[in-house]
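As a plain string of letters, each chain reads:
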Amino acid sequence: MAQPEDLLYSKEHEWVRLDGENATIGITDYAQESLGDIVYVELPKVGTAIEQFGNVGVIESVKAVSDLFTPMSGTVVEINTTLDGDPAAVNRESYGAGWLFKLKLSDPDEAKSLLDAAAYEKITAG
Amino acid sequence: MRAGAKLVPFGGFEMPVQYSSILREHDAVRHRAGLFDLSHMGQFWLTGDTVAGWADTLTTNAVGTMKPMQARYNLFCNPDGGTLDDTIFYRLEKRWLLVVNASNADKMWQHLDANRPESGVELENQHGKWSLVAIQGPRSFAMLQPHVDVNLEELKYYFCTEGHVDGVPATIARTGYTGEDGFELFLSSNDAPRIWSALLETHRSEGLEPCGLGARDVLRLEAGMPLYGHELTEDITPVQAGLSWAVKSVKPEFRGKEALERQIHSDGYSRIVGLVMSGRVPAREGYTVWHEGRLVGSIRSGSIAPSVDNKNIATALVEKAAATEGTRLEVEIRGTKHEATVVPLPFYKRAK
Chain H
17 MAQPEDLLYS KEHEWVRLDG ENATIGITDY AQESLGDIVY VELPKVGTAI
67 EQFGNVGVIE SVKAVSDLFT PMSGTVVEIN TTLDGDPAAV NRESYGAGWL
117 FKLKLSDPDE AKSLLDAAAY EKITAG
Chain Y
560 MRAGAKLVPF GGFEMPVQYS SILREHDAVR HRAGLFDLSH MGQFWLTGDT
610 VAGWADTLTT NAVGTMKPMQ ARYNLFCNPD GGTLDDTIFY RLEKRWLLVV
660 NASNADKMWQ HLDANRPESG VELENQHGKW SLVAIQGPRS FAMLQPHVDV
710 NLEELKYYFC TEGHVDGVPA TIARTGYTGE DGFELFLSSN DAPRIWSALL
760 ETHRSEGLEP CGLGARDVLR LEAGMPLYGH ELTEDITPVQ AGLSWAVKSV
810 KPEFRGKEAL ERQIHSDGYS RIVGLVMSGR VPAREGYTVW HEGRLVGSIR
860 SGSIAPSVDN KNIATALVEK AAATEGTRLE VEIRGTKHEA TVVPLPFYKR
910 AK
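Residue numbers (my numbering), protein chains in the order written: chain H, 17 to 142; chain Y, 560 to 911.
Derived by calculation from the structure, the hints in this document are not laboratory data. In this text, a Cβ means the ideal position worked out from N, Cα and C, and glycines have one as well. Among the hints, a few may not be true.
A short list of chain Y residues far from chain H (calculated; beta carbon distances all over 10 angstroms) [to be verified]:
#1 583
#2 604
#3 652
#4 661
#5 701
#6 722
#7 739
#8 760
#9 761
#10 773
#11 804
#12 841
#13 862
#14 882
#15 900
Using 30 angstroms as the maximum straight-line C-alpha spacing, the simulated DSBU-like pairs for lysine-lysine come out as follows [what the hints assert, rightly or not]:
#16 816/Y / 626/Y
#17 666/Y / 870/Y
#18 688/Y / 61/H
#19 128/H / 138/H
#20 666/Y / 688/Y
#21 870/Y / 118/H
#22 896/Y / 118/H
#23 61/H / 896/Y
#24 715/Y / 653/Y
#25 688/Y / 653/Y
#26 807/Y / 653/Y
#27 688/Y / 715/Y
Selected chain H positions facing chain Y (in silico; Cβ < 7 angstroms) [as the list claims (entries may be wrong)]:
#28 53
#29 55
#30 112
All chains should be built: construct the whole structure from the sequences, respecting the hints.
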């Protein structure tokens, strides 16, 4: 399926929505589809400083535990607490209600190392 | 994210973990019906006058007392009582059908062959040549009946019959591994794909869903049924797994008998228990289990359980002192201890 054009993507299948010095992070439709039914999401705590491409949590489907990586560095300013009661939102709306966490970016230039929609599409097509 | 594939190699077969979604497939089996391709399971044919007497020396449950067309759960053990495999015997008209786990098919074939008597028992390995299609769920009876030339109402639980499915010869058994009413169809691998497609195409609009091994694992765990490699291994005896009902001390002799009887009498062994997690974090195989600050065992299987109020359930092998119903235990998950309670098995029992 087509990826939203206004987002950036990592090779680990996260998306980033940039908003000045802030960013919203989630996993892509390809990722949620590959994982299957998501039953638990463990996110970093608000206030934590996290490093680009670092392991910051887990996403669990019925069958498997997968590591969650952050595509950019920064301080966690908000997490999606509705996922506690409704982790399946990540399956239903991976680019909307299923967002994971928001960062105050420590290095907005890191965005240059991420992929645009067309480039991300290529790595999921193979 | 690191994404996983949905087809996995299993016992030499490429097996579907899921077709649509594990939870959707699970829901179909509990409320409508699901169709399973279980052709990876080993099927052995045992023929001859002395099969029952011989099999009784290698298994814990009774073979000789089985009625014609009866099916019975049975276990093979090593001399120490550890489980080689858990299986089902079907007593057919002219032979016995033994269904073994895919992961143990080669081992079990060698085990039977090595212990075969000089005469009186013929063994045929049909692994791959014969397929197994299961239809499971409350609507499986109504869906299957129009396809078969036998009256399914007369087919009792854990019995089988010889008949035809859409004209194809099949052994039709009222057995399964889901905790629901259902049927298992043993048929030639030449015919199986056509029967699979016919059942699916005819009944998909009534809610029949193709189901993979992922849904099957959740269904069997909820129903308290062991899965070889998890609740049963060469180091976990049937007694430890709560299957003493299938260990028949009245049989004069069988492989592992002494060890199993000693274990039953000693009573001090670690055993499989059911756990319900208090929180939202799933327990997974291998996580350690703690009681009052002491390590007492480990998780053997775990899953979210849609039929148990969407709670996280698990089985664990724990010391006797931690195995009493109602005991509060802790499961260590990524460095944090999470509360769990010992509950009786099964977690889920269908309304009759």
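Against the structure, the hints come out as follows:
1. 583: Per Cβ check, residue 583/Y is inside 10 angstroms of chain H; nearest 8 angstroms; violated.
2. 604: holds (34 angstroms)
3. 652: Correct as stated: the minimum Cβ-Cβ distance to chain H is 40 angstroms, above 10 angstroms.
4. 661: holds (18 angstroms)
5. 701: holds (28 angstroms)
6. 722: Its Cβ never comes within 10 angstroms of chain H, the nearest being 36 angstroms, so this holds.
7. 739: Non-interface label stands for residue 739/Y: nearest chain H Cβ at 18 angstroms, farther than 10 angstroms.
8. 760: At roughly 25 angstroms from the nearest Cβ of chain H, residue 760/Y sits farther out than 10 angstroms, so the non-interface label holds.
9. 761: holds (27 angstroms)
10. 773: violated (5 angstroms)
11. 804: With a cut-off of 10 angstroms, residue 804/Y remains clear of chain H, as the shortest Cβ separation is near 30 angstroms.
12. 841: Incorrect as stated: the minimum Cβ-Cβ distance to chain H is 6 angstroms, not above 10 angstroms.
13. 862: violated (6 angstroms)
14. 882: At roughly 26 angstroms from the nearest Cβ of chain H, residue 882/Y sits farther out than 10 angstroms, so the non-interface label holds.
15. 900: holds (19 angstroms)
16. 816/Y / 626/Y: Cα-Cα ~24 angstroms, so holds.
17. 666/Y / 870/Y: Roughly 36 angstroms separates the two Cα atoms, so the pair is violated.
18. 688/Y / 61/H: violated (55 angstroms)
19. 128/H / 138/H: The given pair, whose Cα atoms are some 18 angstroms apart, holds under the 30 angstroms limit.
20. 666/Y / 688/Y: holds (18 angstroms)
21. 870/Y / 118/H: holds (29 angstroms)
22. 896/Y / 118/H: holds (28 angstroms)
23. 61/H / 896/Y: It holds: about 18 angstroms lies between the C-alpha atoms, which stays within 30 angstroms.
24. 715/Y / 653/Y: It holds: about 20 angstroms lies between the C-alpha atoms, which stays within 30 angstroms.
25. 688/Y / 653/Y: Cα-Cα ~19 angstroms, so holds.
26. 807/Y / 653/Y: holds (26 angstroms)
27. 688/Y / 715/Y: Holds, at roughly 27 angstroms.
28. 53: Given a least distance of 4 angstroms, the restraint on residue 53/H holds.
29. 55: holds (5 angstroms)
30. 112: violated (18 angstroms)
Violation of the numbered hints given earlier is confined to hints 1, 10, 12, 13, 17, 18, 30; the remaining hints are satisfied by the structure.
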